[in-house]
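Number of protein chains: 2
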Amino acid sequence: MFKANYIPVLFSLLMATGNFAYADAAENDKTAITQTLKQYEDALNHSNTEKIVSLYTQDGIQMSPDQPAFIGTDALRSAYEHTFKQIKLNLAFTTEELELLNEHTAMLRSRSDGAIAVVNPETPAKAAAFKELFIFKKQTNGEWKISRYSFNFQPTKN
Amino acid sequence: MFKANYIPVLFSLLMATGNFAYADAAENDKTAITQTLKQYEDALNHSNTEKIVSLYTQDGIQMSPDQPAFIGTDALRSAYEHTFKQIKLNLAFTTEELELLNEHTAMLRSRSDGAIAVVNPETPAKAAAFKELFIFKKQTNGEWKISRYSFNFQPTKN
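Residue numbers (my numbering), protein chains in the order written: chain A, 575 to 732; chain B, 575 to 732.
Take these hints with a grain of salt, some might be off.
Listed below are the simulated DMTMM-like cross-link pairs for lysine to aspartate or glutamate, each with C-alpha atoms no more than 25 angstroms apart in a straight line [unchecked claim]:
# : chain 1 : residue 1 : chain 2 : residue 2
1 : A       : K711      : B       : E601
2 : A       : K712      : A       : E696
3 : B       : K719      : B       : E624
4 : B       : K712      : A       : E677
5 : A       : K719      : B       : E677
6 : A       : K712      : B       : D687
7 : B       : K711      : B       : D633
Read the hints as simulated data drawn from the structure, not as lab findings. Note that this is a predicted model, so its numbers are computed, not measured.
Please take these sequences and the hints and turn them into a complete structure.
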């Protein structure tokens, strides 16, 4: 049996273990969110509307320049289909900050740099850069999806 | 003295009171956030840079179209000063959704409708509309300030 004066030490150890477990969970969540962003980047660069739509929550909202907010799967599908008929994107996203706000919500701010080419009539790609603010939501199956997403252009790096 | 079979009832009453207290706190927070947005609207329409800067957290970030992210008080002050030398805004914000994410963080999505006039050379105001995604942070003094803010144009209502 433990003596009474070990109890505070044991309690501290248990609390520390709890904190490590929490930190691990947070790191796992951050890794999963970064993977979703990478999947979004890939799908965007391959004009893959269905993949993109699957990365949003069902009530997901995209806020893009000069457009109304696109709310929900059907509106998102239509918006991305329309975009990919007009332009081909080649962007690399860089996460500037990622903050877990509660166990199923995170904020991510990023920039993306690359090029845009008009598809029809086909034109050479031009350098382009954007900056993004995302809200991600963890789904009941553990996946992190895009819940809210606002972006706009910014000056290119060069 | 209470009989033992009242205890579950009392417990339920205590829990319900706790829930009401939590709901009240949430309502108070939402009211305070809406007031900050109203103050921002007023300051924007009066080209009041110092008031605007005071509504941001010290590490606040504004993400506006075609500009780099403006990070922190000095960059924000400079950005709004520059904007107000160029344009006069007259906008009314409408909150589309407001979600408390933890006890000191909230997301707010809005639209704003009104007009923009170029200041120099002076030109008639033209109808304009924007959509906004905000992260608000509660300060230690209880004030809610703008922490992250991304916006872009959208079609006007008419």
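Among the hints numbered above, which are violated by the structure, and what are their numbers in rising order? Result: hints 2, 6 break, sorted rising.
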